[in-house]
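Asks: With the sequences and hints as input, model every part of the structure.
Protein chains in written order, with full-length UniProt numbering: chain A, 1 to 352; chain B, 1 to 382.
Because the hints were derived from the structure by calculation, they are not lab data. All figures in this text were calculated on a predicted structure; none of them were measured in a lab. Some hints here could point you the wrong way.
[Claimed, not checked] Where chain A lies over chain B, by a calculated footprint (3+ residues, C-beta under 8 Å):
id, segment
1, 84-91
2, 304-311
3, 317-331
Here a beta-carbon is modelled for each residue, glycine too, at the ideal position from N, C-alpha and C.
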Amino acid sequence: MHRLRLISTRGKSTLAEKLKSAAGGADYGKSKQNFASGSITAKDERGADFRELYVMPKRKLRGQTQLEQATGRAEYKTRSRFDIADRLAERPPRSEEMDPEKQKWSDVWPAARTFASSVVPLPVRMGSRPNVEKRAPFKKEGNLELVKIPNFLHLTPAAIKMHCDAIKKFCTPYPPELLSKSTTLPIQVQYSTYIHQGTNIRDIRSRVVTMIVDVESLKLGDVAMEKFIRLAGDRFDEKSRELTIVTDRCHTRKQNLDYAYYLLTVLYHEANKVEQWAELKERSDNLKVEFEGSSTKTKLTELIEKAKTAGLATDEKSIDEFGKMWKEYRNTEETVETTREYGRQMRKLLGI
Amino acid sequence: MKSSGRVIWSVSQTVGCRRIGIVGSRHLSTEPNIQKNVEVGTLQEIQMSVAKQLNMKNHLPSPMSKQMETLGELVTLIRDPMVEIASCMRVIDKKLPTLRLVLWGPFGTGKTVTLNQAVHHAYNNNWAIVHLRSAMELTRRVKEIEMSSFVSGRINDPSNAVSILQNFKQQNQHIWKLLGDLLTEKDYEWSKSERTMQGKPITEIIEMGITAPYLASDCVGALFRELRRHAKDDKLKVLVAVDDANSLWGKTLVKRADRTYASPSDLTLVVHFRRLFANDWTNGCVLMVADKKEVSDARNELRVSRYTPLELFGEEGFEYVEPFVPIETTNYSESETDKIYKYYVNKNWLASKAARSEEGRKQLMHLSAFNPYYYERLCAFN
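Replies: So, in structure tokens, the structure goes:
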């Protein structure tokens, strides 16, 4: 309805007249005028209007032009794009312009920054496609996934070497005492320093100090050693004979380090003290089950005495060896192998 | 074949045991010394009459005892642990304190069967046999309790005590006359009316216990005491064979008057058996089985309990039974499965065509993973 009205209003306008004549060409307008003036008989003898037969439009169809173009019968001018001037005004991406061999990359990417597809001359792709065999992941241009992840493009080996060379003049030689591997120092102190981008240069984790002490070098006696182990609790590793103190209760690293040394000192002196009640310790209070003084040993020696009189070929000397095995058997986790070893030693001892 | 078998049968009657060769032809060593007739890898038949006397039906594991009833004979394979036990029993001497042996090994590898073989070996050598089916019965299957009048705080277990005495009587019929000649050391005053005077045969103690269940627990103690004393005097040799012996240091289900669980050392029978394990007597052999059924929980599927002696006996029990010789029972070797397989084929126990083929033999072997228990179970269904 609306459209019809539009056409009808256009039909009356003078602009429509002009357009019609432009579309139809000069002749079209003229023939019309001729019709109007009556120079051409536009009516037949019966007085009916002459209506031209429509066979095809009076222009070349697209198929026709394409055919002509393909066969080379017609030459067509290639027209440049309408926005060619705008396009030419824009600079191409830097990555296409640069020569990677001559370009010094650390100048292009001197510090950490987010990924920029126009700068990095690498054909990287990122993202997930459902079927990677058919379609590769997305290209770098306009790829947000590449922007999200951290990159280390400023930390190329060449850049690191350049940095190292630059700060070399500030370094001092490595202490020659530490060069030989055989010397293990009794106290190791470990801590971590954290650097990251941000407004605050401090990190709460950097206050933690771990001190590892070789307990053997404290040269404690047997009694003191046992007390030391009991006081240290699970900080003492029996296998490596190392004490590990982790301090993090103070605010700064220095305070924590001082506190660790303090703890070590206190532990050492406390271990060396002998209290009155320490004499009350019984056999069952030992850290380990000892073969010496055990009921097994007394029973075994008796048995061997009697077995000798009974004429069994007992091996008296192997009781020390048995004791060593027994101690290990009783104090470590029992396995099938240790039980078999126990049986072997027992048979050897009894001469069975 | 048949006639020669008959001859062997008549010979073997005198010894009470036959050994069966691999192919099924039964032969017997003519060595006079019975001590040596334990050879690795032979199939040994225990006569049914002997098996009945030794109450094998109760003492063997249930699949084995069912097989014994089905096949009408009891044939077991002599394996390394049994040979070792036999060699240990050979050195037993009146000067030598009791030798303690602990059988240990994974499930189904023949701890109980080896124990029964040892009992049979002791029978062959005219030893006295103290055989307990399972020490767990003393701690967890106590039907009725009585407070001991002998030691205050001890808990008597009349029903188990009577069954121990009855079992002892049944298993020792071969030396019953000898036991009748052994006399008591002192007067036993069981109650105000019942007493056993000094110089009476120790079989009287047994009869006393069987007839009067409320005295049975004390009678067991007295019997063990007399046995130890007579063994010391070299009157007889004693084999103490206790299955699941680690349960004597395990947990109990016996409740005291205040409804707390009694510790095993409060149970009279447990104390008596522990005394047998002590090495203050001579001329005896104590054979114990360390079994993980004491510590494992059937409802806990995640925990894999160990089957090694220290773990099972616990520190207290371990130190009590030390020094002992641990004897490990293991899975079958291939040749051992072959022997059992051939026996089953000869007995037509393996009846199906598939099982009797070479392929079937291999499948049975590998499906059971060489575990004797599972091997028997598989063979029972093929």
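Asks: Hints first: check each against the structure and report whether it holds.
Replies: Checked hints:
1. Figure legend: the segment 84-91 of chain B, annotated as covered by chain A; annotation consistent (3 residues with Cβ-Cβ distances under 8 Å, at least 3 required).
2. Restraint check on the segment 304-311 of chain B versus chain A: 5 residues with Cβ-Cβ distances below 8 Å, three needed, restraint holds.
3. Figure legend: the segment 317-331 of chain B, annotated as covered by chain A; annotation consistent (8 residues with Cβ-Cβ distances under 8 Å, at least 3 required).
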